[in-house]
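Construct all of the structure, not just a fragment, from the sequences and the given hints.
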Amino acid sequence: MKYIRKSGVIFIGVVIIIVVLLNILLTDRWLESQLEKAGSSIVGAKVEIDDLDVSLLNLMIKWRRIQITHPEHTMKNMIETGPVEFKLSLPALLKRKIVIENMQILNIKTFTDRKTDGRLPDRIKKVTKKEPSFFEKQFTALLDELKKAPAFELVSEVKDLKPKDIIDKIQFNTPAKIDSVKNLIEGKIQKYKSDFENLQTDINKLKEIEANFRSINPSSIKTVSDLKATYDLVNGSIKQINEIKSKYEAKVNEIKQLPNEVNAIKLEIQEQIKSDIQKVKDYAKLPDIKNLNFVKYLIGPKLFSYYLTYERYSNAVEGYIEKMQALKPEKEKRPPRLKGQDIHFVKERALPGFWLKKCVLSGETNAGFKIKGEITNVSNQPKIVGEPIRVMLIGDRPDKASLRLKAELYFLGEVSKQTLDFELVNLPIADFNFEHSVKYLPVKVENSVGDVVVRLSRQGKELASEFKFVLYNPHFVFPAFNPANIYEQKFSSLVKNTFSAVKSFDADVSLGIVNGQLSMSLNSSLDKQLSSGFREAVGKEIEQLKNEAESMARAKLEEIRREFELKIDEKIKELTNKADEYKNIVTLVENLREQKLKDLDQEIKKRGTKILENILRK
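Counting in our numbering, the sequence shown runs from 2 upward without gaps.
Just so you know, these hints were derived from the structure itself, not from any lab.
These numbers were taken from a predicted model, which means no experiment stands behind them.
The beta carbon of each residue, even a glycine, is placed where N, CA and C say it ideally should be.
Wrong hints could be hidden among the right ones.
As the list claims (entries may be wrong) - Derived DEER-like restraints, expressed as beta-carbon distance ranges:
id	residue 1	residue 2	range
1	Lys491	Arg456	35 to 45 Å
2	Lys183	Lys491	48 to 58 Å
3	Lys165	Leu589	50 to 60 Å
Stated by the list, open to error - SDA-like mimics (lysine to any residue), calculated; alpha carbons at most 25 Å apart, straight line:
id	residue 1	residue 2
4	Lys303	Glu73
5	Lys529	His476
6	Lys462	Thr310
7	Lys246	Glu595
In structure tokens:
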């Protein structure tokens, strides 16, 4: 026994303990269920693994096949793989954490048939609908607007539409505006009239003073002392005159502001008339035919259905990861502090519950693309990992079509962020449906080759995206319909001829959501040609209809405006005349007072001179 080392016994014991723990923890079925559970939670449908094989010696795991059910078509596999092989991290596994250093997924196939329904049992029971997300509401509203396509209905209705029909359907704001300001101004005018009536007593006093002034004849006053007394009386009347004058001038100053106020209101009314006229121009059945943006209605419904699909898948991934992001590590109990040396140990890095560090994949899509690429840092707790989820895929086909996909999903901060770059080049298009409801536009394109480029960035509730779409030598297919009038027949022929003549069809879409406001621009060189054709078909009739409706609306509103201004101007003139009348009386009394003072002063001086002469003669 003395030849058996103590350290060797300890080593053998540790190996035995590890093997026992692995047998307890690392059973095939337990690990298989954990992986299936994690995958099903992310996808929202069954994820099934066949023939799981676990090697305890080198911690390698492999299986024959994995099936990932399509969450919306549960009798289809979104992805089905061939053999899969990866290696687990032993330290993480001992902590019941699944950390996969490297994974290989071979022979990927997409949209394959399933033998059984892949819907999750709890999903079958739940029938309540989820509240649409912010982005879904925005895209759905825009999609509904595009499907209505009101501009094109005008072609069939222009023959029977009359200007009066348009005027009768529009709610003008000018009459209500005029009634409101009319009541306001008339109220002020009435108040000023009442104020002048209250001043009438003072005006009567002025008239009495005027009469008294006129009755004064300096030459008929007998004595100088009487002249001086009369002079003092006339001179002292200034106090009473000024008191009455100040009352009058205060009201006149207020009245002087009234014309300026009325002129400002007249300008407001003119602006309101312009706004009402714009309603006629903006009427749904009278579009701006300079640029009808045909391509928006052509590819818009299909394009925004893709946005909605992206939004659903994006929300599914975000919803699962956000629930699992909160990290609340258990606090270790500190042992009682003993005396001695402080030794600082490196803090062990926390691990997420599931972490696929790198996944190399290859296979074939249902569209025939041979694909290869990698996915890194897939985790249910990305804040612990500290890296975004990255996806890189490339693919090609024998017909020289190719694809490239690059995506990054950031769940590291308070607000999630996603970026997506996608390119599809030289893709043969045998049959592509546009899914719109405009009877004049083509319903699908056949036998063409196309390029698609998508750039997308999303952060929280804000989105910025660009979409470029090009078709080379397209063959457009049109719906069959019976023209309702000569305009429809003419316009339909022009649209068909324009589309048939194009050698390439392009569309550039820019869509963004900032501060809750959605903005979109969609441009195509084909729009100019089609808008020109539309003007040629019905442009003359539309412009005539618009001009007649505008003229009729303008005449109606201008008549209301003129009637209002005429009445208000008359009342203001009447008030101004009354003010001028009072002003004339005040001015007359002031001038008469000055004249009487002058006459009295001259008479006093004249008599004083005579008295002095008489004294000198004596």
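Taking the hints in turn, this is what the structure says about them:
{"no.": "1", "hint": "Lys491 - Arg456: 35 to 45 Å", "in the structure": "holds (40 Å)"}
{"no.": "2", "hint": "Lys183 - Lys491: 48 to 58 Å", "in the structure": "holds (49 Å)"}
{"no.": "3", "hint": "Lys165 - Leu589: 50 to 60 Å", "in the structure": "holds (59 Å)"}
{"no.": "4", "hint": "Lys303 - Glu73", "in the structure": "holds (18 Å)"}
{"no.": "5", "hint": "Lys529 - His476", "in the structure": "holds (20 Å)"}
{"no.": "6", "hint": "Lys462 - Thr310", "in the structure": "holds (17 Å)"}
{"no.": "7", "hint": "Lys246 - Glu595", "in the structure": "holds (16 Å)"}
Checked against the numbered hints given earlier, this structure breaks none of them.
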